[in-house]
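Model the full structure from these sequences, guided by the hints.
Residue numbers (the numbering used here), protein chains in the order written: chain P, 22 to 385; chain A, 22 to 385; chain H, 22 to 385; chain W, 22 to 385.
In short, the hints are calculated from the structure, not lab data. Note that the structure is predicted; figures quoted are calculated from it, not measured. By construction, the Cβ of each residue, glycine as well, lies at the ideal position given by its N, Cα and C atoms. Please note: incorrect hints may appear among the correct ones.
[Said to hold, decoys possible] Partial chain W-side listing against chain A, Cβ under 7 Å, derived:
(1) Lys23
(2) Ser88
(3) Asp139
Number of protein chains: 4
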Amino acid sequence: MKNTFGSSVALSVFGESHGAAVGAVLDGMAAGVKVDEHFIRSQLTLRRPAGKISTSRVEEDKFVIESGVYNGRTTGTPICIVIPNENTRSGDYSATRALARPGHADYTAYCKYHGFEDYRGGGHFSGRVTAGVVAAGAIAIAALREKGIYIGTHISRCGGVSDRPFGDMAADIAVVNAKAFAVLDSASEQNMLAAIEAAARDGDSVGGVLETAVTGLPEGVGEPFFDTLESVLAHALFAVPAVKGVEFGSGFALADMRGSAANDPFAIKGGRVTTVTNNNGGINGGITNGMPVIFRCAVKPTPSVSLVQQTVNIMDGTDAELAVRGRHDPCIVHRARVVVDSVVAVALCDMLAMRFGTDWLVNI
Amino acid sequence: MKNTFGSSVALSVFGESHGAAVGAVLDGMAAGVKVDEHFIRSQLTLRRPAGKISTSRVEEDKFVIESGVYNGRTTGTPICIVIPNENTRSGDYSATRALARPGHADYTAYCKYHGFEDYRGGGHFSGRVTAGVVAAGAIAIAALREKGIYIGTHISRCGGVSDRPFGDMAADIAVVNAKAFAVLDSASEQNMLAAIEAAARDGDSVGGVLETAVTGLPEGVGEPFFDTLESVLAHALFAVPAVKGVEFGSGFALADMRGSAANDPFAIKGGRVTTVTNNNGGINGGITNGMPVIFRCAVKPTPSVSLVQQTVNIMDGTDAELAVRGRHDPCIVHRARVVVDSVVAVALCDMLAMRFGTDWLVNI
Amino acid sequence: MKNTFGSSVALSVFGESHGAAVGAVLDGMAAGVKVDEHFIRSQLTLRRPAGKISTSRVEEDKFVIESGVYNGRTTGTPICIVIPNENTRSGDYSATRALARPGHADYTAYCKYHGFEDYRGGGHFSGRVTAGVVAAGAIAIAALREKGIYIGTHISRCGGVSDRPFGDMAADIAVVNAKAFAVLDSASEQNMLAAIEAAARDGDSVGGVLETAVTGLPEGVGEPFFDTLESVLAHALFAVPAVKGVEFGSGFALADMRGSAANDPFAIKGGRVTTVTNNNGGINGGITNGMPVIFRCAVKPTPSVSLVQQTVNIMDGTDAELAVRGRHDPCIVHRARVVVDSVVAVALCDMLAMRFGTDWLVNI
Amino acid sequence: MKNTFGSSVALSVFGESHGAAVGAVLDGMAAGVKVDEHFIRSQLTLRRPAGKISTSRVEEDKFVIESGVYNGRTTGTPICIVIPNENTRSGDYSATRALARPGHADYTAYCKYHGFEDYRGGGHFSGRVTAGVVAAGAIAIAALREKGIYIGTHISRCGGVSDRPFGDMAADIAVVNAKAFAVLDSASEQNMLAAIEAAARDGDSVGGVLETAVTGLPEGVGEPFFDTLESVLAHALFAVPAVKGVEFGSGFALADMRGSAANDPFAIKGGRVTTVTNNNGGINGGITNGMPVIFRCAVKPTPSVSLVQQTVNIMDGTDAELAVRGRHDPCIVHRARVVVDSVVAVALCDMLAMRFGTDWLVNI
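Below is the structure:
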């Protein structure tokens with residue numbers, strides 16, 4: 022199942038950057054979940070390029086819910102959302118079709134699809150495909166909130182600038198979810214924006230790290246051996262374009278710790294089992310322990326840069342040079358945030374439905 | 022599918038640390054693959070605790086191939102391998118059943134299985150379950166080698182000591198696959214062993230980082246959107262106990278790079294498309310580009326330490342203290358290596374069979 | 022995966038009878054398959070109600086290919102086809118919302134979705150959802166034909182009237198695929214139509230049996246134990262609304278045969294292994310043997326009849342009476358034919374891709 | 022996933038007739054289900070050849086539960102059951118290796134596995150593989166009974182002799198489950214046995230029809246579009262060797278009925294919604310309606326007959342003759358009954374767990 026993720030709640034994506042539309046089908050969501058089109062729109066806006074630091078291609082991301090919603094609630098049957106492509110300028114791309122853009126999927130798509138791929142603007146490999154993910158994900162995010170499960174992602178690092186770590190989880194998640202540029206410390210935003218603009222001036226781009234917290238998950242979610250919560254979330258996260266690393270809890274820093282420091286001691290707090298530290302990111306043996314689930318994604322710098330790059334002509338197998346023209350972002354870290362939240366929400370809805378049944382999300 | 026991984030080639034695991042046996046079923050492997058029991062045995066030996074730095078529980082890991090192999094070759098039907106448990110000392114564990122070991126799955130398994138779990142020695146969450154993975158994985162590793170695809174994993178870091186990075190891929194993979202303690206630089210081994218022994222003397226443990234290279238993979242393997250090669254490999258890798266982070270290519274270091282440096286320029290070399298650098302770890306857009314696939318796993322320090330730890334009594338909900346007794350390793354990084362190779366081999370066999378058909382592995 | 026079928030080539034459906042649209046996503050189809058919109062249209066026409074014996078709701082089934090097709094060929098990425106609903110008259114249904122139509126899914130959908138289902142016109146359970154299946158299936162049917170694999174279905178029985186069985190496979194498949202009312206013997210058509218019209222005059226409906234032949238399949242397709250070709254095809258066939266029985270080869274008639282008669286003797290013919298009879302429908306042990314694959318589907322009579330029926334009010338739990346008003350067909354057997362062909366084509370594309378690789382369908 | 026069935030509760034089978042063992046892995050079953058080894062043994066006995074009408078190969082089917090059961094209850098982790106093969110006489114088969122037995126999988130397995138298959142006694146295609154299914158199925162059957170869900174299968178027809186249909190469901194299910202030769206009418210047994218013995222005297226074999234009833238299922242189980250209850254059950258049923266037809270409710274007889282007769286009128290009875298008739302077999306729109314689920318399987322006559330048959334030599338491609346020697350049954354209908362119950366039980370546990378959560382089966 023190539024473009025589909027999930028077992029009980031499943032998300033399928035379709036679409037190409039310069040085709041008729043992009044979109045998604047969300048199947049298996051409980052019947053009776055409220056669908057708020059304003060929230061879908063606001064999530065799409067967070068994903069959309071905007072402002073000085075983003076591409077000049079501005080689409081309004083008008084979406085059409087083709088199925089699965091009736092009287093403002095999910096029906097329990099598949100929800101198809103189509104987002105028409107507008108304002109596409111294919112002329113930008115056809116001239117350089119033969120020149121594989123370094124860091125992009127042009128060459129690998131050519132190998133895989135033998136030249137039949139829709140190469141315009143990256144086709145199915147364009148970040149634009151994530152619009153469908155975000156629209157469907159908004160329904161999953163809202164459903165989880167009704168159950169007291171909150172997801173928040175901040176830009177932990179961008180262009181070499183760090184944000185402060187999560188502190189008070191509930192408050193910090195609320196803070197980042199209210200922001201277009203999701204940082205916890207406002208000073209970070211200024212410094213990150215400055216770094217992004219500096220790269221843009223150089224015809225270059227920057228990457229970063231997104232850190233996500235999920236609160237309110239019940240204990241006991243996740244499966245041995247192959248469907249650990251880490252496995253399932255990482256599967257979804259590595260589908261997000263540009264993500265090249267995922268770590269849970271203290272992640273790679275655990276490699277240099279001793280067991281006595283890395284282990285999270287258990288303690289009774291308010292009558293509940295908690296851990297004193299959270300180096301394991303709320304997951305032991307692949308299963309939630311009731312603490313916040315914490316993870317980080319490394320987002321590589323946008324591969325589209327206007328600097329001249331060395332490449333090959335995939336048609337005739339010769340060396341070549343390329344300066345990527347057309348619209349592109351010097352940074353997508355801030356935009357990827359809402360894509361991360363979306364795939365995580367769908368993955369969690371799936372795991373919760375598998376564990377507690379399809380109606381659990383709606384308290385029936 | 023909880024304990025099963027893969028679509029065309031699928032691996033299922035079963036077993037508990039102190040039950041009758043552990044084992045695995047490998048289904049969908051092409052018919053006609055040579056099965057070398059000596060190689061299976063040698064792989065199991067690499068996984069097995071041994072020497073000063075490992076637990077004193079030494080089992081010979083006798084395995085029985087119950088099905089799927091005839092006349093020394095795979096038949097195409099499921100291969101079930103059973104590895105009986107011997108030398109189990111359940112008495113070690115029952116006394117402390119109520120005290121959840123920090124960093125282990127005791128508490129989460131209790132939440133999930135309501136006390137019906139086989140808690141002895143960690144039960145199904147014990148590292149012992151990986152013996153079945155390694156036995157089945159050996160068949161997959163050997164099949165890939167016949168096709169010129171080689172997997173090699175070295176201990177990139179352990180106990181705060183770094184090994185040198187991969188250089189000449191073919192040579193270095195051969196080197197690490199010939200070693201019980203898989204480092205590229207012999208000096209690293211001495212320093213790592215010293216760090217491990219120091220931790221052991223303190224009743225503590227250490228973690229590390231495993232770095233893996235895969236050579237010989239054809240271009241065009243991996244799927245958009247949700248079954249990128251990164252997604253599928255990370256899914257398998259996070260199933261390996263103690264893995265808390267996975268990164269491809271330059272991984273988290275990409276977050277601080279600019280696009281012009283992170284992008285891997287293409288170049289024709291020997292008539293083939295190659296990349297000059299390999300920051301993307303041989304994967305663009307989730308699909309192989311023909312360069313070596315490179316990734317790293319963060320392995321947390323063994324949670325079993327003999328130091329006194331704070332915990333809770335999960336039976337009566339009170340705070341408690343615990344010193345983990347019984348056999349345990351001050352380090353499992355060197356043992357996890359062969360488990361990583363095994364799950365990667367199975368995942369690759371699956372993706373290759375999905376792409377090129379079930380017979381591709383045997384050239385029929 | 023509720024509304025999705027297949028592993029390598031997968032079909033997802035969405036939509037409700039009176040919502041915005043119905044449609045389907047076909048993922049995993051090889052890149053480079055020719056997409057003929059005329060053929061899709063003609064297949065949709067075969068499914069569409071038409072003439073005296075069908076409902077007066079006539080929609081043109083305009084379809085939009087939203088993705089996955091470029092320059093007239095598949096790109097290898099998901100093909101989303103949306104078929105907008107037009108000419109819906111919801112007023113027909115709302116008045117009787119509480120009265121579950123016998124033989125329909127009204128009551129079971131209510132139980133499952135707790136009243137949140139889109140009940141208008143049967144919602145997601147309407148036969149209209151099969152339009153998406155047929156549109157996507159047309160691409161699969163055409164792809165198989167390029168490989169010499171032909172599917173033909175005739176109305177073996179309808180309203181108590183029998184058609185002649187398949188004789189010359191190649192010729193008969195061509196005959197039925199050229200007909201709107203797919204019978205092999207023209208006299209059968211007249212008698213069946215008379216039976217249908219008689220039922221219509223009585224405010225009643227009729228059922229029938231569809232018989233399908235598939236020629237050109239290579240030997241060795243199908244999997245033990247759980248993915249036999251019969252299992253996979255039956256899974257797809259029982260998804261077709263109104264199908265209540267599926268049999269392969271001589272099917273239920275085998276129950277009364279002796280082994281010596283039921284076994285199909287092997288014989289060399291033209292240098293190839295063939296069978297003298299085909300009681301097993303081209304499948305031994307769940308795997309194709311190179312003979313035509315033959316199966317039959319029992320299609321129950323359309324549950325919508327205008328006669329007064331006994332039912333219950335699902336809102337207040339009382340007994341009630343119901344005469345189904347609005348548009349409905351006295352027979353859907355002739356329309357179900359193309360749905361059967363479509364799901365079979367997708368299932369076969371999937372099994373062939375799993376067996377021989379994703380490019381096999383396009384000879385690359 | 023070739024030899025695995027199910028999503029939340031999944032069954033994998035392995036083994037060959039003359040290899041070391043056959044067996045199964047049942048994963049995802051709720052923790053806390055009582056495992057009664059006596060019941061497993063009694064179910065295995067029902068499957069085992071016995072008496073005058075069965076093969077002289079008598080194995081005691083000693084089984085070993087390798088994992089997943091602790092203190093007499095399921096642990097929630099995979100249950101592996103191994104059934105060693107004993108009393109195998111491979112010499113019976115090797116001489117005729119090249120001669121494909123008509124009606125068997127010898128030829129198709131050869132095509133699929135290129136001669137690497139374990140051909141002895143049918144290898145993985147032998148009915149013996151169903152022993153693992155039955156052992157694992159016994160656990161699922163027992164779990165369902167604890168929830169008030171009962172499965173009963175009788176031999177509706179065998180050797181041309183019919184049994185009476187189900188009448189009082191609860192009583193009749195109890196009756197058939199207490200019998201080794203599962204008929205409702207004792208006179209049927211004598212006549213069926215006489216027919217079987219007559220075929221045996223002729224060196225021939227007979228087939229039959231199994232009819233199954235499932236009571237106690239809640240409403241709302243089953244999924245549109247592709248995972249209808251009929252689709253999922255048929256998928257499992259067609260995996261049972263020799264099953265060539267499956268029909269639900271009145272099945273193929275519905276093809277000749279009118280809608281007014283085929284529709285099952287709803288009526289309130291004892292405060293519950295029921296149907297007056299049950300032509301739809303307890304399933305509307307692919308979803309349970311609370312009535313007993315009823316279906317029938319056509320079982321073809323055992324292909325092993327001692328009469329001389331026409332066949333081919335698959336090694337040299339010449340015509341040949343064959344008289345199957347060795348042990349074989351003149352009838353397997355009575356033995357297939359418990360295999361049908363087993364796959365149905367696993368499929369239902371899976372669908373119930375998907376619908377209501379993994380703990381539903383144990384009331385936690």
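Run through the hints listed earlier and report the numbers of any the structure violates, in increasing order. none
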